[in-house]
Each structure stands twice: as structure tokens, then as C-alpha cells.
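Residue strings, one per chain:
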Amino acid sequence: MHLLDGVTPELIVFILASAACIAGALGVVLNSNPVHAALSLVGTLFGIAVLFVAQEANFLAAVQVIVYAGAIVVLFLFVLMLLGVDRAEDLSIEPLGGGQRIAAGIVGLSILALPLLAFASTSGEATGAPAAADAPNAITKTTPDVAQLGESLFTTYLFAFEVTSVLLVIAVVGAVVLARKVRRADYVEDPLVEAAPAAARESSAAEGSA
Amino acid sequence: MIAVAQVTPAWYLALGSVLFAIGAVGLLVRRNPLVMFMCVELMLNAVALTFVTFSRMLNDINGQTVVVFVLVVAAAEVVVGLGIIVALLRKHPSATADDITVLRG
Chain U
1 MHLLDGVTPE
11 LIVFILASAA
21 CIAGALGVVL
31 NSNPVHAALS
41 LVGTLFGIAV
51 LFVAQEANFL
61 AAVQVIVYAG
71 AIVVLFLFVL
81 MLLGVDRAED
91 LSIEPLGGGQ
101 RIAAGIVGLS
111 ILALPLLAFA
121 STSGEATGAP
131 AAADAPNAIT
141 KTTPDVAQLG
151 ESLFTTYLFA
161 FEVTSVLLVI
171 AVVGAVVLAR
181 KVRRADYVED
191 PLVEAAPAAA
201 RESSAAEGSA
Chain V
1001 MIAVAQVTPA
1011 WYLALGSVLF
1021 AIGAVGLLVR
1031 RNPLVMFMCV
1041 ELMLNAVALT
1051 FVTFSRMLND
1061 INGQTVVVFV
1071 LVVAAAEVVV
1081 GLGIIVALLR
1091 KHPSATADDI
1101 TVLRG
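If you're matching them up, the sequences are chains U and V in order.
Start counting the first sequence at 1; every next residue gets the next number (the working numbering).
Start counting the second sequence at 1001; every next residue gets the next number (the working numbering).
Be a bit skeptical, because a hint or two may be false.
As the list claims (entries may be wrong) - Covered, in the sense of this in silico footprint (three residues per stretch, anywhere, with C-beta under 8 Å from a C-beta of chain V), are these stretches of chain U:
#1 11-24
#2 34-47
#3 64-75
#4 105-113
#5 120-134
#6 140-153
#7 158-169
Honestly, the hints are just simulated from the structure, not real lab data.
Quick caveat: nothing in here was measured; it's all calculated off a predicted structure.
Think of the CB as a built atom: it goes at the ideal place given N, C-alpha and C, for glycine as much as any other residue.
Isolated chain V (complex conformation):
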């Protein structure tokens, strides 16, 4: 019979790094500001998964506390980022990230 591997915390860490790498590649490749923003959310979630896994490995609740703060910062970041994107796309409806080369309207 096939020897079935046990799920070790390292699997979760590996999944976190895969998700982080996919998010990073998407951030570099995609030019739509909204999709780039979703890729940032992917990377944030990969890090949250890593924190929870380390919290379990080290038997320490503080890893989960950090994830709560990551969630709050992510929510604030989404609100401000989408505000900027709304202001930008309202003036230039088909703007890509490459069109925003100067930090003014």
C-alpha cells in the first residue's frame, strides 16, 4: 500500500509560500490596478496563514494576535487603496498601473 504522509505544519508553510509567490507574480504581471490590489490581498493572506501555522507550531497565541492586527491593517489599506483607485479611474477610465507615472491627477 501507499505510505501516506502525515500533514506536518511545514505543509501549511509551504502552501503559504506558494500563495505568496503566486500573489507576487500576479502583482508584477497584471497591470489592472484592481487586480494588482487583489494580488496584494493574496500575499497578505499567505502571511496570515504562515502566522497561524507558527502560532500552532510554537504553541503561542501571539501569532494569532498578529493576524488580528494584519486583518485590521488590511481593511484600512483596502479602504484607502480603493479610494485612490476610484479617484483615478473616474478621471481616466481605462488607466493601467503604467499610466500612473506621476503622483498627481
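Bound-form chain U, shown alone:
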């Protein structure tokens, strides 16, 4: 039993959740089948939601599961199934060649090294000033995080919040425009009936331009 002395619940939670996160992330990158990659992404998103709870961001953890795992991954799977692109690809082929993967690995290690060096230089402490205890943005143990987030969103960041609604409307309109089937004059749904009507249309187009 003395082996477990000092093992806090937070340590166990962190190890399990971070293992889920990293395994899921590697699964996204290494799975040749896009459907399996999308399912691995769920593992990462759940792991991050658990880490949010461990850091007392309960509302964000719920939103993370609902929006990411519930909506975004389902959207990915819908697109995969709708388009029928859910077959495995051959990952041994290097499309760009010329050591592109080695270069990508070096870039990834540099991206990883930069923040790790930063932690080492500050010995893992944040350099910014913490919020004053009586400031409205200070986290208090008595107020729930939802209440504090709501107050922050609807007072300090009200304008930004309203702008996000405009952003969402623009995104919805843009998605409808993009996903709509293009209807051109020469667009034919069924290739079998293409020959005769296409010829007729060409002759009528020639008359129109003449």
C-alpha cells in the first residue's frame, strides 16, 4: 500500500486522460481509414473534456462533449458516409516524396520543443499577473463556473458574443451555397440521356447567340 502513497486522484485522472488524448491523436494521424481516424478523434475529445473537469471547467467540458464529440465528429462521419470516401488509403505511398515526411517530423519536433523550452525557462510558472481577488474576472470557489462564464460573456465580451452570431449566420449561408449542386445549362443528371438533349441544346444555343 505504501507504493500508492502520494498518488493523488488528479494524478490518476491526468495519466488516464492524457493517455486517451495521445492515443487518439496518434490514431487520427496513423489510421489509414478515415472513419477510424474520426473515431480516434472522439477519444482525444473525451480525454480533453476529462481534463477540463479536472481543472474545474465543468461547463466547457459539457460543451466540449456536446459540440465536438456530438456535432462535429458526427458531421465528419456524415460527410464520409455521404461521399463514400470511407475506404482505406495506402499510407506507405509518400505522395510528395523527397523526404517530405522527415521534414514534417522535424517541423513537428521543433513545434514541440519550443513550448517545452519555454516551460523550462520559466520553471513551469505562468509569467502573467494573476487576477486580483476582488476583480470580476477572478475565479472564486463559491460561484459556479457557468455563472462566471455567463457574466463574462454577457458583460465584458457582449459585442464579441453578438459578432459570433453574425459569423454563424454567414457560415450557414456559405455552407448552403457551397454544398448546393451546380445547375448549369449543360448539366445533365443522367449521362444516358445526355446525347439527344445536349445536341438540341447546342443548336438552340447557337440560334440564341446568332
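Chain U is fixed; fit chain V onto it per the hints.
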């Protein structure tokens, strides 16, 4: 007995940078537009984790507010991005990111 380390916020930051690096490598290595998009989501999530960790370190709720906005922007980005991918893959069912060298259909 083994000295057990305490979980410090720096661990969460380190995990965030590992996830970000994996996502970046995946974005560079994979050529399937959908998988590249999932890697972008990975990087966004790594940043969200970092924001929440800093929010806890500095005792400041604004870090969590930023994550709410990141979520909204990510949702909008996914909708538009998947719209583009659907329009693209409908015309060229086996297109990879390298086939899209001109910004027109």
C-alpha cells in the same frame, strides 16, 4: 518508495503542446482533405486545453471565455470547410490535397 510527482499545470501545458505537434505533423503528412481537417481540430483542441490551464494558473475566468469563442469559430470553420470538401469530392471523388492546386473547380 517511488517519489510521486504532483500534477502541476505545466503538465497540462506539455500535453497541449504534444497534441498540437501531433496535429501539425498529421496536417503536413496526410493528404486526405478530411483527415487533414481532423488534424486541424486536434490543434484547436490542444490550444483550448492550454487556455483552460492558463485560466486556472492565473485564476482568471477570461481564459475559459476565449475557449467558448474558439468553440464557436471551430464550429463555423467545420461547416464551411466540410462544405468545400463536399463540393470538391463530389466532382473529383478521389481528390487529395495535392490535386487542388488552383482555387477553382
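Ascending list of hint numbers which this structure does not respect: Result: no hint breaks.
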